[in-house]
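Protein chains in written order, with my numbering: chain A, 1 to 431; chain B, 432 to 862.
Heads up, a few of these hints could be off.
Stated by the list, open to error - Here are the computed lysine-lysine pairs in the BS3-like style, where the Cα-Cα straight-line distance is at most 30 Å:
hint, chain 1, residue 1, chain 2, residue 2
1, B, LYS504, A, LYS248
2, A, LYS152, B, LYS519
3, A, LYS74, B, LYS440
4, A, LYS3, B, LYS505
5, B, LYS760, A, LYS73
6, B, LYS711, A, LYS73
7, A, LYS74, B, LYS828
8, A, LYS88, B, LYS583
9, A, LYS3, B, LYS828
10, A, LYS74, B, LYS558
11, B, LYS645, A, LYS3
12, A, LYS74, B, LYS519
13, B, LYS712, B, LYS742
No lab work stands behind these hints, which were simulated from the structure alone.
2 protein chains.
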Amino acid sequence: MEKISLSEKEIPTHYYNILADLPEPPSPPLNPETNEPIRPEMLEPLFPKALIEQEVSREKRIEIPDEVMEIYKKYRATPLYRATRLEKLLGTPAKIYYKYEGASLTGSHKLNTALPQAYYNKQEGIKALTTETGAGQWGMALSLAAKFFDLKCLIFYVRLHYQQKPYRVSFMRMFDAEVLPSPSNQTIIGRKFLKEDPNHPGSLGIAISEAMEKVTDGSIKYSLGSVLNHVLLHQTIIGQEAKLQLEKDDEYPDVIYSCFGGGSNLAGISFPFLSDVLTKKKKVRVVAVEPDTCPTLTKGEYKYDFGDTAKTTPLFKMYSLGADFIPPKIQAGGLRYHGAAPLVSHLVNKGYIETISVSQTDVMEAARLFTQTEGILPAPESAHAIKGAIDEAIRCKKEGVKETILINISGHGFLDLQGYEEFLDGKLAVQ
Amino acid sequence: MEKISLSEKEIPTHYYNILADLPEPPSPPLNPETNEPIRPEMLEPLFPKALIEQEVSREKRIEIPDEVMEIYKKYRATPLYRATRLEKLLGTPAKIYYKYEGASLTGSHKLNTALPQAYYNKQEGIKALTTETGAGQWGMALSLAAKFFDLKCLIFYVRLHYQQKPYRVSFMRMFDAEVLPSPSNQTIIGRKFLKEDPNHPGSLGIAISEAMEKVTDGSIKYSLGSVLNHVLLHQTIIGQEAKLQLEKDDEYPDVIYSCFGGGSNLAGISFPFLSDVLTKKKKVRVVAVEPDTCPTLTKGEYKYDFGDTAKTTPLFKMYSLGADFIPPKIQAGGLRYHGAAPLVSHLVNKGYIETISVSQTDVMEAARLFTQTEGILPAPESAHAIKGAIDEAIRCKKEGVKETILINISGHGFLDLQGYEEFLDGKLAVQ
């Protein structure tokens with residue numbers, strides 16, 4: 001329960017770009033019609049130029065704009081805690097540290113990228129943003145960021161989670177966002193799936209297709225909450241802060257566990273540490289923890305695939321369960337994605353990141369243990385990292401090993417309580 | 432949006448006891464059978480001795496136990512913000528500062544008193560606590576505190592809000608608390624009201640009676656979330672921190688607006704400043720803001736009355752709408768109480784605290800404005816203070832007055848989103 005804070009002056013001023021440290025670059029995205037690499041300007045209908053520059057930049061440090069930093073300072077640096085009460089309960093010689101991004105204004109790490117994305121769009125005269133959201137954390141974050149930078153916001157919210165987590169809809173609406181359950185009847189791809197099943201549960205792949213279909217003129221652009229390089233870039237403020245905070249305890253992690261959906265949380269907490277590995281300064285294990293119902297990294301194929309179900313995106317070299325894969329219904333909606341960030345996929349493929357998958361029941365049980373000892377209710381997504389850390393700490397106990405474990409609690413679970421209620425009642429099923 | 436933090440070392444080490452500064456003491460609680468003042472030992476069936484001592488103490492500073500401080504440090508000091516974006520939108524010359532207790536582990540200021548209450552009970556060998564909760568924030572706080580200090584916890588949750596805010600039930604259950612909608616069929620008083628109406632909405636007065644009825648032997652004690660001196664005492668850490676934080680900006684408030692239910696939030700934010708008034712060091716206006724549907728201070732009578740509906744408590748000298756008053760159905764469940772803290776009542780009666788009442792619709796509108804500018808979704812209770820501050824800031828604009836306004840956001844509104852949804856849909860009614 002010990003808290004390690006940073007003063008306002010200690011907040012990192014730049015994002016960290018892992019592309020600068022990679023010995024060989026990841027395979028480029030391809031134009032599906034020509035199989036030629038995508039040129040940056042081909043992305044201009046979708047994204048503002050500043051974000052496209054970040055997408056392809058090889059600069060190691062990219063400055064955080066003042067206007068974004070001003071809002072970051074309202075909730076950053078987020079605290080780093082040592083889980084002393086959890087360690088004690090487990091009787092482990094391991095030290096468990098957790099960064100807490102649930103302390104952000106919208107309750108998850110997603111705000112870290114929503115703010116610069118909204119800012120750069122506003123800078124280039126854009127009037128509105130359209131996006132998808134899985135469990136809803138990203139939709140909440142973009143709703144706030146859009147309102148703060150005076151942009152309209154249209155959100156396609158995967159229907160399963162729109163119904164599971166209705167409070168998130170209300171939160172987005174408090175910021176005047178328009179929120180539609182996806183698949184919706186507002187797009188061609190949406191109507192196609194609704195025809196198959198009027199209560200289709202949806203998926204991130206479908207919602208991405210719907211949002212991209214809405215980019216009809218130059219005044220509206222598309223915004224993505226994970227997967228792409230610039231999104232992962234913005235999240236590196238998490239790991240940079242964690243590193244400074246651990247230094248205050250004279251610590252460096254032996255292993256980092258992270259939940260894995262699209263990759264932004266994993267990149268955020270681990271890339272600043274992987275920088276030390278890539279530059280041969282330190283060693284650290286990084287483990288991606290996936291739901292066993294959507295095992296992209298553990299069971300997917302490393303290949304070129306589409307980022308969305310309508311197959312409208314470029315082809316990305318990534319681990320994928322196939323663009324047509326509709327994941328089973330689970331609570332951790334942020335992890336229900338068929339693909340994976342190309343950067344993370346590359347690092348997995350090169351052996352820098354390990355992967356495991358866990359069951360929903362084990363994850364919720366880990367969340368309960370964490371809540372009861374640390375007093376913080378995690379999002380079900382974040383609970384995947386907790387499950388990984390607890391198992392590691394138990395292994396340390398068995399083997400008598402003193403390890404330092406780091407995780408990121410990417411969001412709080414206040415708006416996931418319907419799922420926890422079902423868990424407590426023994427009614428939580430994977431469908 | 433500017434944030435003012437305190438370092439861990441700057442967190443106050445003592446609670447502030449306003450009884451030490453009062454020129455004349457408030458009228459004592461009376462035994463309803465004899466009309467004689469209650470002797471402290473008569474409270475021993477209900478509370479541990481340490482809390483009874485605090486209830487009657489005249490010591491100005493009461494030390495915070497180490498075991499409590501250790502947990503406080505996980506979420507304290509809470510941030511103080513200047514509402515620069517809200518000020519700008521209002522175009523006011525006033526400065527608006529807000530303390531943010533929504534940053535606590537359970538999302539409200541209630542944890543500040545739940546922790547020492549659980550701690551002192553545990554110290555004296557108690558095994559279980561029973562309590563009431565209105566909107567549910569207090570129940571959440573006591574659930575966590577009871578689990579942290581290894582106590583069982585039984586909570587009577589006012590049925591209206593049990594139904595309105597079901598996520599709070601789930602949160603309490605995550606900490607193994609037993610939660611019953613009140614009136615329940617587990618008590619004599621509960622059954623009486625259920626007979627009148629099987630879906631009786633309940634009130635804090637009824638829930639207090641039910642919880643007290645459950646104190647049947649020495650191993651279980653009763654815990655209260657507001658009203659009593661020792662509860663108000665624990666909350667003074669809020670105002671003490673705010674004072675230190677404002678000093679860093681060279682500021683002192685001209686006026687403090689606070690929502691008012693039982694009095695613990697108002698006492699928490701204002702008593703450390705009223706100390707300066709009572710000791711003639713400074714001047715500050717303090718304004719209690721109530722819902723117009725439960726106008727205890729603005730329309731109640733200052734008299735001896737019972738704290739609960741079953742009339743089992745001592746008689747307290749306080750503003751009251753009558754122990755039989757069942758408030759209309761509103762979202763701000765924490766403010767639906769017929770009575771008022773005797774200490775606050777005394778200060779109102781002596782002219783140290785002003786009172787106003789506001790409508791639910793105006794409050795929710797103020798909450799929306801605050802959310803959209805400051806990015807923090809307040810609890811509907813806290814939004815009463817926001818409404819007061821906004822009206823004051825508009826007055827400052829009209830009159831060209833530069834005032835410094837201080838409020839406390841006593842809790843976040845993530846678990847009140849069903850009410851906000853109704854508000855956004857224009858369906859929110861007082862019934």
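Going through the hints against the structure:
Between LYS504(B) and LYS248(A) the CA atoms are separated by roughly 17 Å; this keeps the pair inside 30 Å, and the hint holds. For the given pair, LYS152(A) sits about 21 Å from LYS519(B) by alpha-carbon distance, which is consistent with the 30 Å threshold. The straight-line distance between the Cα atoms of LYS74(A) and LYS440(B) is roughly 21 Å, inside the 30 Å bound, and the hint therefore holds. For the hint pairing LYS3(A) with LYS505(B), the CA-to-CA distance comes to about 6 Å; that is within 30 Å, so the pair holds.
Between LYS760(B) and LYS73(A), the direct Cα distance comes to roughly 38 Å. Violation of the 30 Å bound is thereby established for this hinted pair. The suggested pairing of LYS711(B) with LYS73(A) is violated, with an alpha-carbon distance near 37 Å, which exceeds 30 Å. Restraint check for LYS74(A) and LYS828(B): satisfied, since their Cα atoms lie roughly 26 Å apart, inside the 30 Å limit. A threshold of 30 Å between alpha carbons decides the hint, and for LYS88(A) with LYS583(B) the separation of about 21 Å falls inside it, so the pair holds.
The suggested pairing of LYS3(A) with LYS828(B) is violated, with an alpha-carbon distance near 41 Å, which exceeds 30 Å. A C-alpha spacing of about 41 Å is found between LYS74(A) and LYS558(B), which places the hinted pair above 30 Å, so the restraint is violated. Taking the CA atoms of LYS645(B) and LYS3(A), the gap is about 38 Å. The hint is violated against a cut of 30 Å. Between LYS74(A) and LYS519(B) the CA atoms are separated by roughly 17 Å; this keeps the pair inside 30 Å, and the hint holds.
For the hint linking LYS712(B) to LYS742(B), the alpha-carbon distance of about 41 Å lies beyond 30 Å, and the restraint is violated.
Consistency with the previously given hints fails for numbers 5, 6, 9, 10, 11, 13, ordered from lowest to highest.
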